[in-house]
Amino acid sequence: MTIQTHADETNGTPEVLTTADGKPLKTSIARALRREKMRALLLIAPLLLFVIITFVAPIVDMLFRSVENQIVSTTLPRTVVELDSWDGTTGEAPGENVFNALHFDMTVAVERKNHTQLGTRLNYEESGISSMFRRTGRRVDDFGEIYADQFIDLNSAWEAPATWVSLMASPDWIAEQAAWVADRDAARANGTAFEQPEPAFAIREGVAEALPRTADIYQAFAEFIQTEDQDSPTEEEPWNAVYTGLHDDLLANPNAASAFSGETATLLSQAANAVSGFEKISLREAFIDADEDWGNPYYWGVIQTFSPSYTSGYFLAAADAELTPQGIQMKPEDEQIYLYLFWRTLLLSVTITFSCLLLGYPIAFLLAALPARSANLLMILVLLPFWTSLLVRTSAWKVLLQQQGVINDFLVWTGLVSDAGRLVMINNQTGTIIAMTHILLPFMILPLYSVMKTISPSYVRAAKSLGATDWTAFWRVYFPQTVPGIGAGAILVFILAIGYYITPELVGGTDGIFISNRIAYHISTSLNWGLAAALGVILLLAVMLLFYVYDKIVGIDNVKLG
Amino acid sequence: MTETKGAAVRYENVQKSYDGETLVVKNLNLDIPPGEFLTMLGPSGSGKTTCLMMLAGFEPATHGEIFLNDRPINNVQPHKRGIGMVFQNYALFPHMSVAENLAFPLQVRGMGKAEQEQKVKRALEMVELGHFGSRRPAQLSGGQQQRVAVARALVFDPELVLMDEPLGALDKQLREQMQYEIKHIHDNIGVSIVYVTHDQTEALTMSDRVAVFNDGVIQQLSRPDVLYENPQNSFVAQFIGENNKLSGTVEAVEGETCTVRLDDGTMLKADAVNIDGVGSRTTISLRPERVEFDTHETMDNLVSGQIEEMIYLGDHIRVRMNVAGNNEFVVKVRNRGEKRDLKTGQTVEIGWAAGDCKALDAVA
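Heads up: the protein sequence lines correspond to chains U and H, in order. With the numbering used here applied, the first sequence corresponds to residues 1 to 562, in that order. With the numbering used here applied, the second sequence corresponds to residues 1 to 364, in that order.
Treat the hints as calculated values from the structure; they're not laboratory data. Misleading hints may appear alongside valid ones.
Stated by the list, open to error - Below, simulated SDA-like cross-link-like pairs (lysine to any residue); rule was C-alpha separation at most 20 Å, straight line:
hint, chain 1, residue 1, chain 2, residue 2
1, H, K113, U, S309
2, H, K80, U, W475
3, H, K80, U, D470
4, H, K80, U, T120
5, U, K453, H, K113
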């Protein structure tokens, strides 16, 4: 390929280098490189996909839980809407409308058995809410029974599922459903398999306007019967809440029957005339009767605060703060734990990093200075811990450090400590520092060694020949050249330490544990995954911030791993 | 050379062994007067670098004593010897600027800031790098780094500077240029310099005296011209410059000269330099440029040989011949522009003076 230079001399624009066929040189280069890039991408594609699917995606999903809070709005959709207009500062529990909505929401949630999950979620914010939901869940179906009974007493047709279907379902659905039943029966008669599901329930046109609450709850009922119970609304008596809805609708709109015709219209107008005479029940009182906390505006405040789909609640909790109806506040002094834990994790990690540096530097120096044969032997000794199980090493420290352990026995035997004064070296911070320094030491030694190996001995010799003492030669000439290795080792050890879990768990006791142990607790024991995710996000951000600061100070380009 | 302010060095019966089994340096005795430029020349493994390291203090002598200005220094720490040193790969501290590198020996000596700056400036000017003080060594070319290394070894005014193959990493042209520069610096400031190299051209160009090392022993210690003209043994003759070897037996010794019968029967007269007497085996060493094609009857040695190969090299023509059974016999003919009627395959007569060939010890 020849290169020609086209200089546009008439108007003095800069020269554009082109290839022989007149294309700009840069375009040609980019095209030539693209193929290489594609090939490179192809080579890493399997690993990249594997990492994305098994590592990045789950982590992102997990971290997302730290702000996710859809459980309130999906479990109590009607209540959340009604609660929006409630003013928590009045000191009054919400009005009847909210309880009406809550009645429907709870009925559906109880049928779906997810009201306890919501209770658990809200219990993170305010303990006691869990039991409110559980206790109320057992009784909520009874709340509407009084209306069901009265409707059925009025006309036993209200008991029949068919009555409800003819009232609520669209004629098209009724026809489709009938055809489906025919097909199914025919198949059964032939003995052939019939897998087709029942057509999805469709509401009759105009019902939502005439009987809005009934339509709402009956639709929820039909959907639940079809999807969860694998049954048909044509065969199931509606929930008591449906009767409650009908009662409320007919009370509000006595002319509702005009939207219907025929038998259903008659039935409905009969009911409309009777409802005013029905025995009434206050759902608000029914709820408060089930659990008096429903009358406490404070709990309603918590529900209102956490009704949005996304919340900062977990993050606030992770920072020992809480989102109260009055705004963000720090938790009381005696309930604060996470800030202190973060601080301790940071402090212990720094201590461990320094211990590793202090112990590892001379070893790495020796490794680099020794002749190859001895260095190899020493290197095997350094690597030996890598080849033994982490648990075995940590357990070994338990044996050594405990009060009746090897070290204490020896100290007592030599008389350095009295039998009563045995040292407490495990199940506290000392234990964590000792065990983790030992476990992370190779991560400090290896980068140090690889950097030191490349430092020619002639530098120190030169320094000495120029008049420097051994110490000056080391400190002014050798040490500065090992700084990249120190940087690499320190950052490696620190990042490993700050997220360490198993060793602090085993030897840390209560005051030697790390934030990661708390995260593990929330993941596996308290099941508060949102808080665990928030703690994880904070930890990740802290590490990234430190990494950034480190890059600014030391420069990540200076870090050599080999 | 200006007034002498160099140090005197003396090795006395110095031996060195690393493994306790073989001696790397065998009983070295060497006297270096003040201000001398002495080169230790030899193939790798000959013990020259070990001698230098013992002088610098980085290797202890197994036996014997080294004196610096008549003071024994075996037990003196390297940093107290006050010896400047230039290393093979310069060993410029990569994390310091050029000026900081130069100031380092002054700082560790506790010199004042102003004096430091002045000395650094002077040293940089000496090596013509006046404006490079703030650069990092990695930003300099190989030649520039080399100069900084020399400047650093000199900046604290040592009486003795050691150089361990300092030009080894440079390309040929730069190497030659640096040879002259180092030589001039030596002439100007008069320090003693002990220089180690395996490059004989370098040794001949720069040195006052050259010590040729082989097998842990100094084979010959002489001025460069003596080394070339009067090698004391076959190793030196072979190692320094180009050389023709002819082996034979001593027939007779007449004072300073001797008669040698070559293995094919040819009789030659040669300077008797290093022979065991009549009947002993010997190797005759003859420089290629001393052989003449324009022979005449009065020449001491006249032999005939067949031309095997001719190579045109500009200033001279290199003629490879078969002489007395040795087909590696090389003759260099100066290119004077005259037409010479030499052809490959031709048998011609060549001759040289007895004083131009030396009868040396036999090579196995």
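For each hint, the structure was consulted:
With a CA separation close to 68 Å, the supplied pair K113/H and S309/U exceeds the 20 Å bound. Distance hint between K80/H and W475/U is fulfilled; the C-alpha atoms sit about 18 Å from each other, no more than 20 Å. As the CA atoms of K80/H and D470/U are separated by approximately 11 Å, the hinted pair is consistent with the 20 Å bound. Of the supplied pair hints, the one linking K80/H and T120/U is violated, its CA atoms being roughly 77 Å apart against a limit of 20 Å.
Distance hint between K453/U and K113/H is unfulfilled; the C-alpha atoms sit about 34 Å from each other, more than 20 Å.
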